[in-house]
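Protein sequences appear in the order of chains A and B.
If you're matching positions, the first sequence starts at 1 in the working numbering and goes up one per residue.
If you're matching positions, the second sequence starts at 1 in the working numbering and goes up one per residue.
It is worth saying that the hints were derived from the structure and are not from the lab.
Certain hints may be false.
With a cut-off of at most 16 Å between alpha-carbon atoms, the simulated EDC-like pairs for lysine to aspartate or glutamate come out as follows [said to hold, decoys possible]: (1) Lys42/B to Asp7/A; (2) Lys42/B to Asp109/A; (3) Lys2/B to Glu44/A.
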Amino acid sequence: DTGVSQDPRHKITKRGQNVTFRCDPISEHNRLYWYRQTLGQGPEFLTYFQNEAQLEKSRLLSDRFSAERPKGSFSTLEIQRTEQGDSAMYLCASSSDFSYSNQPQHFGDGTRLSIL
Amino acid sequence: QKEVEQNSGPLSVPEGAIASLNCTYSDRGSQSFFWYRQYSGKSPELIMSIYSNGDKEDGRFTAQLNKASQYVSLLIRDSQPSDSATYLCAVRGFGNKLVFGAGTILRVKS
Chain A
1 DTGVSQDPRH KITKRGQNVT FRCDPISEHN RLYWYRQTLG QGPEFLTYFQ NEAQLEKSRL
61 LSDRFSAERP KGSFSTLEIQ RTEQGDSAMY LCASSSDFSY SNQPQHFGDG TRLSIL
Chain B
1 QKEVEQNSGP LSVPEGAIAS LNCTYSDRGS QSFFWYRQYS GKSPELIMSI YSNGDKEDGR
61 FTAQLNKASQ YVSLLIRDSQ PSDSATYLCA VRGFGNKLVF GAGTILRVKS
């Protein structure tokens, strides 16, 4: 069990560019979550996958954001036409679906995005 | 009203003392409750989960849940300087997303 892995750890880009982040969940976990965290705040939910199906999306996830989880393994989060307000830590978490409600989510180290 | 509320702190306690962290939530249908510790610049690390009313102990940590009062707390006994971090309360209702509070900063002074 190597934990949740995220890549890259840091991303600096100019406003208007597209960025893509990758998340590899814990191998036996079929649920995968994306959160966003800004300074002084707790993580905010963005979206959630059960295997390859995207089951829930937050209103925070504008049409510039898209997430995929092909084959129910790793996931990617893409932000198109980045804006200053997109600067944040993007966190990925995973959990199993055993015992419906009680499985905790384990977080990766995050990708810190800075928009110049 | 925020869905999950925490006192932002900082909460300062001397080394060896008990640190008490509190959290209230607004959704009465919430089913699962978690405490995460987050060091500066790092990701949240799960330290406790609690699902039913009462106390749950794990080492120096005790989580307390009172669903009638919509209140969750975390006690840290024998606080150490290494416990200095932000403690995030997270709540899960129906569905799978976690709703987090803004966190309480804990400072343990040696």
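Evaluation of the provided hints:
With a CA separation close to 14 Å, the supplied pair lysine 42/B and aspartate 7/A stays within the 16 Å bound. Our distance criterion of 16 Å between C-alpha atoms is met by lysine 42/B and aspartate 109/A, whose separation comes to about 6 Å. Distance restraint check for lysine 2/B and glutamate 44/A: the Cα-Cα separation of roughly 13 Å lies within the 16 Å cut-off, and the hinted pair is therefore satisfied.
Every hint, counting from the list given before, is met by this structure.
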